[in-house]
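Colleague: Chains A and B, in that order, give the protein sequences. Counted from 1, the first sequence has number 1565 at position 113 by the numbering used here; the numbering is strictly sequential. Counted from 1, the second sequence has number 1891 at position 439 by the numbering used here; the numbering is strictly sequential.
Do not rely on the hints blindly, as some may be mistaken.
Which copy? The list can't say, so a pair holds if one copy fits it or any two copies do.
[Stated by the list, open to error] Pairs of lysine-lysine, DSS-like flavour, derived with a Cα cap of 27 Å: (1) Lys-1791 - Lys-1568; (2) Lys-1481 - Lys-1856; (3) Lys-1513 - Lys-1791; (4) Lys-1873 - Lys-1481; (5) Lys-1566 - Lys-1971; (6) Lys-1566 - Lys-1871; (7) Lys-1513 - Lys-1873; (8) Lys-1992 - Lys-1455.
Read the hints as simulated data drawn from the structure, not as lab findings.
Okay, here's what each chain looks like letter by letter:
There are 2 protein chains.
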Amino acid sequence: MIKTHFPFPADGQIRAVIENVSPELDGGKYPVKSIVNQTVVVSGDVLIDGHDLLGVRLLYKHELDKDWQEKSAKHVGNDRWKAAFTVEKQGFYSYYLEAWVDHPATWQHEVDEKIKDGQKLAVELMVGEQFLSEMAGLAKGEDKKELQKAAKLLVDPSRYEEATFFCRSEQLHNWIEKYPIRKNTCRYPKRRIFADRAKAEFSAWYSMFPRSAATEYGKHGTFKDVINLLPRISELGFDVLYLPPVHPIGHTFRKGKNNSVDCQEGEPGVPYGIGSELGGHTDIHPDLGTLDDFKLLIQESAKAGIEIAMDLAIQCSPDHPWVKSHPDWFRILPDGTIKYAENPPKKYQDIYPVNFETADWKNLWNELKNVIYTWAGWGVRIIRVDNPHTKSFGFWEWVIAETKKDFPDMIFLSEAFTKPKVMQQLAKVGFTQSYTYYTWRTSKAELIEYMTELTKTDMKDYFRPNFWPNTHDINPYQLQSGNEPQFLIRYFMAATLSSNYGIFGPTYEYLYHAANPPKEEYSDSEKYEIKWWNWAHRNKLTYIITQVNRVRKENTALRTTNNIQFCEIGNDQLLAYLKTSPDGNRLLFIVNLDQDNIQGGILKVPLPGIYKSETESYQVHDLITGAKYVWKGQDNYVELDPNILPFHLFRIEDLH
Amino acid sequence: MIKTHFPFPADGQIRAVIENVSPELDGGKYPVKSIVNQTVVVSGDVLIDGHDLLGVRLLYKHELDKDWQEKSAKHVGNDRWKAAFTVEKQGFYSYYLEAWVDHPATWQHEVDEKIKDGQKLAVELMVGEQFLSEMAGLAKGEDKKELQKAAKLLVDPSRYEEATFFCRSEQLHNWIEKYPIRKNTCRYPKRRIFADRAKAEFSAWYSMFPRSAATEYGKHGTFKDVINLLPRISELGFDVLYLPPVHPIGHTFRKGKNNSVDCQEGEPGVPYGIGSELGGHTDIHPDLGTLDDFKLLIQESAKAGIEIAMDLAIQCSPDHPWVKSHPDWFRILPDGTIKYAENPPKKYQDIYPVNFETADWKNLWNELKNVIYTWAGWGVRIIRVDNPHTKSFGFWEWVIAETKKDFPDMIFLSEAFTKPKVMQQLAKVGFTQSYTYYTWRTSKAELIEYMTELTKTDMKDYFRPNFWPNTHDINPYQLQSGNEPQFLIRYFMAATLSSNYGIFGPTYEYLYHAANPPKEEYSDSEKYEIKWWNWAHRNKLTYIITQVNRVRKENTALRTTNNIQFCEIGNDQLLAYLKTSPDGNRLLFIVNLDQDNIQGGILKVPLPGIYKSETESYQVHDLITGAKYVWKGQDNYVELDPNILPFHLFRIEDLH
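Only chain A is shown next, with the shape it has when bound in the complex (with noise of 0.2 Å):
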């Protein structure tokens, strides 16, 4: 017994290290992402003492398979590995790299090198043979056959110049790569990644108030009027129909027109302020029709290629039903009342946050995660998280997870607007989709920088932006003034950075502007009251809306986001980029920002990127006008007038 102070390893006789694999999220604390039919690049650097050649491969599985499937890693230069898979299914996968020393190859290496300068061999065909004979132990049929053979043959001193012959072929060094002698192998921890349907990343969210949808003035809107507006949608193009809460609403404190403390007899309130004596979450809100009339949009909606996304407010009012069976979900104050939302000196009386720090956490989450399966239920498959950064991220690493592995399909989107780590941390532990800074970013600089965060750092590998222009909480100041070019230009970036992206309509596409300065936010908002909107209106943002849906759906390299490259062009108020996938299509957008004056400047086509010479001619195809240009090498003139279009949307075309 040798005395230590630290125990041996398991294993001292393993020599290969394998270090710093991608993808990774936080050394394996979270999972990554990536969409059924992906292809997931796996490397690592693999490290091996001395001069011995190193076998190392992929392994990986879906969590309900019981195999481990196995690829050969390749080495690509200073000591990096890559192999790569397909995530075939949704759901979890779990993958890893292992290596050992791979001592056949190594052998067959050196023994190569001795036949060349001139050297005769001796023990080192004894040494093949015995690697040939572990081969064909690890073999079956004919494979097992030539081994053995093959081993005999090595140690025949009367067919020297046949054995010395066979060492250096092609044939004993696929037999080394097909049977692996892997002893004393490295393994590094198992990492997981989530792969999603494809919505998870293509998507185009439509967001309106059920409630404003009736067409006579005056009337509460339906479930019933959102059917019968399920073919404008489509007509726009979009695929996602969100729907801001649709439960029964209460009446403490309801807030009034513009956010009024004052509520006057017959206002409808706030969907926010879930909960009265009609039911909580899991409850429908009696104006907008019943749970079957709810259930029918849904089975409509996905007639026409839509899917209805739901609202999940975790916050009640103080007549939800929870407040009286599961008080201790919220803070009791010392005086026994419940403490309300508030942002001293700012009071919200009508909305009860709930505690996560509640001693009865676990019933808590469990009901919560009883809402989201009661709406799964429904056969809702997304779900518009509120606010998601108020409540605790260990809740919804949870719950995410759960919901998940009982339906792999749904998509959780995070709404949180706010501090970039905090929103980072919460696509971390699970949200699909998340809200982004998009809204805020305008000019030139920031917007490429931005999207560089979002494409090329860790975040492309876990955080799946969405873009909105607006939304029915932000009204940003660039579209206060109503400017319609303004409204094209931020809608088409929306639609085209991001693979997801969503409007808040009819708001957005009728133009709709006014302001509380110095507040971004709607004035008269929907958020406290029933609007009525001419539905059968079309204007200019509606045509381009449906035709930017429509190239979105022809062009696969719009089903990505991190795909993009930026161009190079002179002008600050001209932003370029050039998006392709690797079934050969490729698409070039150029944007006007300067929403009141034409501007111009040279391209700078990447030649490469659209596997172009400077001496070679080729067209470039407008999606959204028709018009089609020949273009030929790198620099190329571009103007854009916003008032007629502030953007083209080239498609780059081969000309024969």
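Here the structure of chain A is known, so what remains is to put chain B in place on it, guided by the hints.
Modeller: Below, chain B alone, put in the same frame as chain A:
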């Protein structure tokens, strides 16, 4: 019992999250490094849902201490928190951050906002009373009484004004800080840092073959001869004397002069062909003296302020005792012979490499540890490890950790000239210092890029460079012509870019440069023969070495490597850098990289780095030549003639 797929976390009430802690190496897999008395700054992202205030603390302790010590962390922006502690003794420290929701601090902030808004406090005072009572429970003596009194004050309606005044007081703020109510505390996993003694970061190495130490021509030098050279080494200013292996040398396939396979009778052999009938790694070559002589050398060196560094080369001559006693520690071939070292087609029949895949690895590791412990028993505390990259990483990790438990002052220098990630890995698994690519970095761009990698990336936390312009194995191209300015340039940069450096002497200072082109090695190398040197000789090199080592000892800015900052100077042949230390020592270095021509240029002094404004005059004092100049502002002209002196070593001094 709630049925779930995933278990609930241990404590779901925890809301704080800690991420991205620094320093941290490979997710905590390896310890980082520091030096006794250095301050370790620990930072991390600390996140919380919502707007509650956080309490964040750093906890740390030495491995031999019982209690954890605490420091408050401060928010430094963007959710980043920072705290620092000083490592006070050698050995491993553990540290971690912890965070919790600071409810009393949040309450004080909210109460303050309400009072400013003119709101009347009511239940808020009751809440405050609860916090103060709880804090009183944590306090003792006078504080406890004061807190109890304050608790009563808050709920005394007759003293409302006084109570609200107290709520906003600095005193209450300090109490909240002093008696934190920590509940649902998030703890980041413990990380480790090793505190080395000062020499780990600040050392000047002199390397020589003791068998060449004789003053009489043709005689085998001895440890006693080396003792006689100590005054010379001390005069030059070195504080580490590194000797290649001092063990018995094998006879079988012994190499002769210039690595000849035809060794002549009487040739001394290569010290790296370790082991004979006279013993192995724990025995002394009798021609050098006895073990007592060696111990005397260690003692006499210590008196001269010099430490002896031994050379650990884990390899054996065929005559080494281990070959007989433990043949299974080597690779035994099918014909019963032991595999000698080869790099096909090259053969090294005089060397048997140790097989780290041996089944008897535990005994092998333990015997190698025994070698180190035997040397430690002789008084050795510095070991230069020969080719550590051809022995397994796992072994080094274990044996270094093991050794440092008993000898925390042991310094291991990794002599690995190999691929970048392998060199990094050796530093990660525990080597105190590392040889580097400095030997081959000669242009201004290469030097800046390499220094930046070493001092501004993660490497700064674990990889301590030791710069060598030559070694007994490497006679780099730039020195092969024997150009004196070139020897000065390469020496000066090694000694001032890096706080650890060394030379192979007297080869270096005597400008010996005979080479075997195109190889970067010495012809008639001392590895294969005994040399005779005129040790009494002094020249320009020995003068400069003496001066530079004196300046290194007198100026704290030269005691560390990571404090380097390169300066703009408009000439590709001029390299300029600034090193400063917290005590105000400011050194400015300018080197002419052109060995043949005078070079001049405008140096841009980084004024903030030397605490000067554009209009202030300051003195630059050349600590080698004694020259003094008065400079003003950023731009100053510098000119260096390589044949006079190819560098300036300026101290920035205030003018009074």
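Colleague: Could you place Lys-1513 and Lys-1873 in one of the four classes (within, between, both, neither) given a Cα distance threshold of 27 Å?
Modeller: Neither. Shortest intra-copy (31 Å) and inter-copy (29 Å) distances fail the 27 Å Cα cut-off.
Colleague: At most 27 Å between alpha carbons: which applies to Lys-1566 and Lys-1871, within, between, both or neither?
Modeller: between (63 Å within a copy, 25 Å between copies)
Colleague: Between Lys-1513 and Lys-1791, at a C-alpha cutoff of 27 Å, which is it: within one copy, between copies, both, or neither?
Modeller: Neither. Shortest intra-copy (48 Å) and inter-copy (41 Å) distances fail the 27 Å Cα cut-off.
Colleague: Checking Lys-1481 and Lys-1856: alpha-carbon separation at most 27 Å within a copy, between copies, both or neither?
Modeller: For Lys-1481 and Lys-1856, the Cα distance is within 27 Å only inside one copy (17 Å; across copies 31 Å).
Colleague: How would you label the pair Lys-1873, Lys-1481 (within, between, both, or neither) given a Cα cut-off of 27 Å?
Modeller: both (16 Å within a copy, 24 Å between copies)
Colleague: Given a CA cutoff of 27 Å, do Lys-1566 and Lys-1971 count as a within-copy pair, a between-copy pair, both, or neither?
Modeller: between (79 Å within a copy, 22 Å between copies)
Colleague: Tell me, please, which holds for Lys-1791 and Lys-1568 at an alpha-carbon limit of 27 Å: within, between, both or neither?
Modeller: Between copies only: 20 Å across, 84 Å inside.
Colleague: My question is about Lys-1992 and Lys-1455: at a cut-off of 27 Å on alpha-carbon distance, are they close within one copy, between copies, both, or neither?
Modeller: Classified as neither; 82 Å inside a copy, 53 Å across copies.
Checked against the numbered hints listed earlier, the structure breaks hints 3, 7, 8; every other hint is satisfied.
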